[in-house]
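Q: If you want the building blocks of each chain, they are given just below.
Number of protein chains: 2
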Amino acid sequence: MSSDKQQVSNAPTEEELACLDAHWRAANYLAVGQIYLMANPLLTESLRPEHVKPRLLGHWGTSPGLNLVHTHLNRAVKARDLQALCIWGPGHGGPAVLANSWLEGSYTETYPDITRDAAGMARLFKQFSFPGGVPSHVAPETPGSIHEGGELGYSLSHAYGAALDNPDLVVACVIGDGEAETGPLAASWHSNKFLDPVHDGAVLPVLHLNGYKIANPAVLSRLPREELDALLRGYGHEPVHVTGNDPMTVHRAMAAAMDQALDRIALIQRTAREEGGTERALWPVIVLRTPKGWTGPAEVDGLPVEGTWRAHQVPLSGVRDNPDHLRQLEAWLRSYRPEEFFDKDGHPREQVLACVPEGPRRLGATPHANGGLLLRELPLPALERYAVPVDKPGASMHEPTRVLGDLLENVMEATADRRDFRLVGPDETASNRLQAVYTASGKAWQAQTLPVDEHLDHHGRVMEILSEHTCQGWLEGYLLTGRHGLFSCYEAFVHIVDSMVNQHIKWLRVTRRLPWRAPIASLNYLLTSHVWRQDHNGFSHQDPGFVDHVLNKSPEAVRVYFPPDANTLLSVADHALRSRDYVNVIVAGKQSCFDWLSMEEAKAHCARGAGIWDWAGTEDGSRAPDVVLACAGDVPTQEILAAAQLLRRHLPELAVRVVNVVDVARLMPQEEHPHGMTDFEYDGLFPPDKPVVFAYHGYPWLVHRLAYRRTGHRNLHVRGYKEIGTTTTPFDMVVRNDMDRYRLVMDVIDRVPGLAVRAAALRQRMQDARQRHDMWIREHGTDLPEVADWTWDG
Amino acid sequence: MSSDKQQVSNAPTEEELACLDAHWRAANYLAVGQIYLMANPLLTESLRPEHVKPRLLGHWGTSPGLNLVHTHLNRAVKARDLQALCIWGPGHGGPAVLANSWLEGSYTETYPDITRDAAGMARLFKQFSFPGGVPSHVAPETPGSIHEGGELGYSLSHAYGAALDNPDLVVACVIGDGEAETGPLAASWHSNKFLDPVHDGAVLPVLHLNGYKIANPAVLSRLPREELDALLRGYGHEPVHVTGNDPMTVHRAMAAAMDQALDRIALIQRTAREEGGTERALWPVIVLRTPKGWTGPAEVDGLPVEGTWRAHQVPLSGVRDNPDHLRQLEAWLRSYRPEEFFDKDGHPREQVLACVPEGPRRLGATPHANGGLLLRELPLPALERYAVPVDKPGASMHEPTRVLGDLLENVMEATADRRDFRLVGPDETASNRLQAVYTASGKAWQAQTLPVDEHLDHHGRVMEILSEHTCQGWLEGYLLTGRHGLFSCYEAFVHIVDSMVNQHIKWLRVTRRLPWRAPIASLNYLLTSHVWRQDHNGFSHQDPGFVDHVLNKSPEAVRVYFPPDANTLLSVADHALRSRDYVNVIVAGKQSCFDWLSMEEAKAHCARGAGIWDWAGTEDGSRAPDVVLACAGDVPTQEILAAAQLLRRHLPELAVRVVNVVDVARLMPQEEHPHGMTDFEYDGLFPPDKPVVFAYHGYPWLVHRLAYRRTGHRNLHVRGYKEIGTTTTPFDMVVRNDMDRYRLVMDVIDRVPGLAVRAAALRQRMQDARQRHDMWIREHGTDLPEVADWTWDG
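Line by line, the protein sequences give chains E and S.
Counting from 522, one number per residue, gives the positions in the first sequence under our numbering.
Counting from 522, one number per residue, gives the positions in the second sequence under our numbering.
Source of the hints: derived by calculation from the structure; they are not laboratory data.
Misleading hints may appear alongside valid ones.
Identical copies look the same in the list; a pair holds intra-copy or inter-copy alike.
Below, in silico cross-link-like pairs of lysine to aspartate or glutamate (DMTMM-like), each with a Cα-Cα straight-line distance of 20 Å or less [said to hold, decoys possible]: (1) K865 with E566; (2) K599 with D1259; (3) K714 with D750; (4) K714 with E747; (5) K647 with E1300; (6) K647 with D1295; (7) K647 with D1289; (8) K599 with E975; (9) K1243 with E975; (10) K714 with E800; (11) K1243 with E1077; (12) K647 with D1056; (13) K865 with D1310; (14) K1211 with E861; (15) K647 with D866; (16) K1211 with D1141; (17) K1243 with E1192; (18) K714 with E1077; (19) K1243 with E1193; (20) K647 with E571.
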């Protein structure tokens, strides 16, 4: 931030105040118009029922507050020539943000048919919440937005994500007092302990206390002032208050508060950047108290509305049928004096636009809100450099995530100057064995440090906080503003962000259809410490269902990978980090696991997504196999190979095919997922009339849900996690869930025609092995030696 | 709380302090023993490798802190004759809580084979984290616990749930500094704005700052003292600090802090109960700062361990193979001087037990932690009183949730004195049209009220906070302590608690197998404002996948219902509220919907869970139907009936069967879910060789995942939500997702053999109707009159 932005601004003159007020009134008028009108936008004639939409949908209550913030951000941005972005937490106030975008011209630039005149205004009004039009919320369709106004709780973490590694950016963030009650929001206040005033931009939270949610008072709005201030100071912020319901008084106070807050931000940044200060400062927060539905109807049908929860959505609901409501609506609209800010053709007058900044400085036109425009290719190294050598399958072992950690160290290193890659995770980077990255970047940390601490770094780009919500919010904000990243998480606890990833995938689904939105880097999950290896924790840490959850969402934006070893993990991670506009879920173990494929084989296998492992089977190519052993996931792959080995030894005449699936969407019909195999391909891998015994990493029925349309589906038999577990050994886990090698061999015997009799002795032997396991483990607490020491002898 | 509990306690004498310290040391010894030993529990001989477990699993770091809290709670409970319960947030410190339970005798009472002597101690040690033994965390198996120590974030909301309507109970709640970073925990601090000091008990949070998580410093532990105090005051608490690493100093400070906090609680309660005070007081919170892994090895292999993250799990990891580690472990164990607190037979000496309370006052023996023991039948009224009259199907309309609201009002009323029923929800009770309950009980609220507010009540039992996490945590705590409740939530946003419900279902799965755990009331969800009716909000509010999520979990504990009208909702809700040990998910609309079944028919239909609606089809009973139209959910039911009506009118010769499914688990094989139909039953409803066109409320593939094993699965064609939506009309939503009546008729024509040619004209007519809809809606913004005015003419 250059020094001229750091000077204390002058208080606005009366003339400037009049312009600000005109802008605010214009925005309010446009917000009401969107909720109600489908014709007569300038009120050139008296309002008649047919001018009003048949279905009144939208949220008025928060709109005047958002308009106030937008107006005053305009002023500050223009006065200081700021790069700014605003996150509209109360994003159901869509009419407000759309109104401002239309006023400043960014809306018409994005959607040329919505012109900045009466005709365009009519279209702006009608399209809002109208079938075939635009959603009622701030949405992907809204210029200047990276934050869907749907579910609440993520505004502040999105704001921090956007500010990271954007030293010249100020991210304002309006937080509604409803949203402030949510857990994700409450946790994210502490993000300021992770914000580097040197390399990161600033976040300016505006806590908007309009007092009510849908039907209840908001908790924070009913705290005594000293208690609220204590809370905000406890969060690491210095509060600046703006309170009132007289517009001019509030304009004066808000202009002063913005100046005070931005001056303070400039001072903090100057201290850190020019004087090398490392003490964490209290960042400003603006506390804005204005009435809900401010300037709307004070009373409707004898009940108070302005300043109450009744102003939340549509204050006058019977406008088409109730002449009183119609009159009230017209009076409300005219109270803004539209003739003062629109000329007769509906163009905004000069005075109204006096506070509006130019070009990309406008909040609706900042490239930071269309991050794909700023995105650069991530410098990824050649995988061969990190590949583990594999001369023959199963001859060595590695911890896949540790190998990946070496690759990520390189990415961290290669982006040391660019600073456009971050690794986030809830206190688990080292536990997940990715700690090599610390060589290239420490962990972001601005709070106190002690001599015994390791890897904490004021300027670090590894982010660890014990809040999956905050991690997810940071990363989403970072990606949406055009950067790259990876979220490493315990598999079971990624469900904590189920609802957040829903919203992100919905966002991607819509943006993929908007030509003006440039593709952004994918949101990459590395799920490790997975269901089969919860030796320390047991049942509460076992849940492989995140995959099921994301596969319910738009297939165009969802990819799921189960790399079975270190080299396949490298290949999949490389692919994910290069991709755009996806959510990539990679499930991989951190425990030592056999190396099956060389780097070259891994790349080819991952490119196919699923394929036959010739070396593991006993097909001779002259006929179809008798049975297919299929697997997805590291532990299932090991059990399937162990089963294949048992079959080769004991039933050498059986033609066994082994298929490994990395990309489970390959199992889906091609009409349902872009990665889906054709039936021809599928039937080639899994001959329809042959039994398939499939060991899958997660809930077995997921495989059925993916493959139910396949011709051979009747012959598909899937083993997986059946929600049975405790603190026990790895092999005991697969035995309890019937996915162990012995059970898989029994499954083959039970399903290949004619084998039940021929292989009865082998079946008994498998049964005995399972019993031997049960007895051994209860006595020794460890796995059978024959299991613990198992190796592939192929 | 009687007045003698309100007196300031005397500071402990030196002798008492010695007893407290002995108890603490004994508990520490037993915690270490559980992590390491499988023999030689009293160290009667020198420690040898074979005394040590082959796999070292567990969490030492938090254990000494938990032991300290337990010891001092013992003292306070005994001195004041308190009813107390403790929630152990850092529940991975299982060894600590197990140690205390064994010491006080509650463990042996629950598990008689773990005797309170050397033999029992050996079993206690060996079973810990050992295959076939007990989990490493505080778990359902742990006496005195209602809180699994797995995922973090829910301790404080569980504590509040337990305290509600338990005026004589003090619920202590240990919150780890890691857990304190999570969103759910951060949000739940504000629960004190909802706690009634008259009818509810007290919650005493103990924020345990041991400084580190798995690998990182904890944020709160690194705040300056004044910032932390501000935060806690902002949360509505008065902090009481205990800091130190010298045991006797800490004992003195902790005893004083407990007394100060409990005196303050008594004063707050007395003021509210005896003097009628209604001003919200600042409740106490104890801030306990002690080293992580306190009293454990200071250094291991030259690196500091005590007081650092390295103490998190197992400080000495190589004990069996590394003689230095073995020596260090023995020295560590002997440092507690076990001979002072165990006699030669391993019985705890009298001095050690001096602080332990008697009988059900012991934390491991309180009936509040085995809530089923305290549970009373909920007084539910006869449903006929609330039933809507239905002389013939589809002749009237009601809002189902509003009808349910009348029933819930009665339940609220009937429990006015007992106070064992609560309704929770995130600010949506009225939006979900359950507001009749306010007649019987207001909304719990202890913060400021204004004249314009409605239904706020210091003593209310409706709980509304805009945090699904807090709602869920409150209700879980309430149910686990033996009461009843219902959570009403927007369908899409219940995903916010995916991870919490996982843990609750896991808890139920385990407790169902523990004979000493009495069944508790089910956790009942009413999911409304569902995917098909997001007129105001659109795409971001559309997600029917919670059902998919819970159906992945243990079938014995999960029930899912889709009542299609008001009377079936009454029947299902009645069943759910009477049930035990389930998670019941009820999906029902709040919008006006046709009444299909009389109360009597509804009861019979819900009891079957799925059945033929004779009146809706055109079967004559002489032969199998040509096609089955099936439906689950209110909107799908309406579309299926509209399709049936079209078919009856235009293809009267077609034998159509209509099947409505309320309980979707009926579709599953009986081996996979207790409600699953036999194949005989299923094939009777859905003849295997006939096409089934199924309109389902949620993601269509869920029905395939449930029914894939059925003989007729190939003929099953499911329509549902395909993740397509925006702000639009109800009928446009079903058209976009291909679940509208016209599409369903086309599906029938495409699937019934021979119909494609015979009914080509009808098919074209359906196609035309869909196009007419598209054009109409874009112009008028409303649904086609023929759709908006549709009625059933059967």
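Q: Next, verify each hint and record whether it holds.
A: Results of checking the hints against the structure:
In this assembly of identical chains, K865 and E566 lie within 20 Å of each other by CA distance solely inside one copy; the values are 12 Å within and 99 Å between copies. When the C-alpha separation of K599 and D1259 is checked against a cutoff of 20 Å, the pair qualifies neither within a copy, at 66 Å, nor between copies, at 49 Å. Taking the shortest alpha-carbon separations for K714 and D750, both the intra-copy value of 18 Å and the inter-copy value of 17 Å come in at or below 20 Å. Within a single copy, K714 and E747 get their C-alpha atoms only as close as 23 Å, which misses the 20 Å cut-off; across copies the closest is 16 Å, which meets it.
Within a single copy, K647 and E1300 get their C-alpha atoms only as close as 74 Å, which misses the 20 Å cut-off; across copies the closest is 10 Å, which meets it. In the homo-oligomer, the alpha carbons of K647 and D1295 lie at most 20 Å apart only across protomers (17 Å), although the nearest pairing inside one protomer, at 70 Å, exceeds that limit. Taking the shortest Cα distances, K647 and D1289 never come within 20 Å of each other, neither inside one copy (73 Å) nor across copies (26 Å). Neither within a single protomer nor between protomers do K599 and E975 lie at most 20 Å apart by alpha-carbon distance, with minima of 43 Å and 44 Å respectively.
When the C-alpha separation of K1243 and E975 is checked against a cutoff of 20 Å, the pair qualifies neither within a copy, at 40 Å, nor between copies, at 48 Å. For the homomeric pair K714 and E800, the shortest alpha-carbon distance inside one copy (11 Å) is at most 20 Å, but the shortest distance between copies (34 Å) is not. Proximity of K1243 and E1077 under a CA criterion of 20 Å is satisfied inter-copy only: 12 Å between copies versus 29 Å inside one chain copy. Only between protomers do K647 and D1056 lie at most 20 Å apart by alpha-carbon distance; the minimum there is 16 Å, versus 59 Å within a single protomer.
Proximity of K865 to D1310 under the C-alpha cut-off of 20 Å is found in neither arrangement, the shortest distances being 86 Å within a copy and 42 Å between copies. Neither within a single protomer nor between protomers do K1211 and E861 lie at most 20 Å apart by alpha-carbon distance, with minima of 79 Å and 69 Å respectively. For the homomeric pair K647 and D866, the shortest alpha-carbon distance inside one copy (18 Å) is at most 20 Å, but the shortest distance between copies (85 Å) is not. In the homo-oligomer, the alpha carbons of K1211 and D1141 lie at most 20 Å apart inside one protomer (16 Å), although the nearest pairing across protomers, at 42 Å, exceeds that limit.
In this homomeric assembly, K1243 and E1192 come within 20 Å of each other (Cα to Cα) only across copies, at 13 Å, whereas the closest approach inside a single copy is 29 Å. For the identical chains of this complex, K714 and E1077 are neighbours neither inside a copy (37 Å) nor across copies (45 Å), given an alpha-carbon limit of 20 Å. Taking CA atoms no more than 20 Å apart as the test, K1243 paired with E1193 passes between copies only; the shortest distance there is 11 Å, against 26 Å inside one copy. For the homomeric pair K647 and E571, the shortest alpha-carbon distance inside one copy (12 Å) is at most 20 Å, but the shortest distance between copies (80 Å) is not.
In summary, the numbered hints that this structure violates are 2, 7, 8, 9, 13, 14 and 18.
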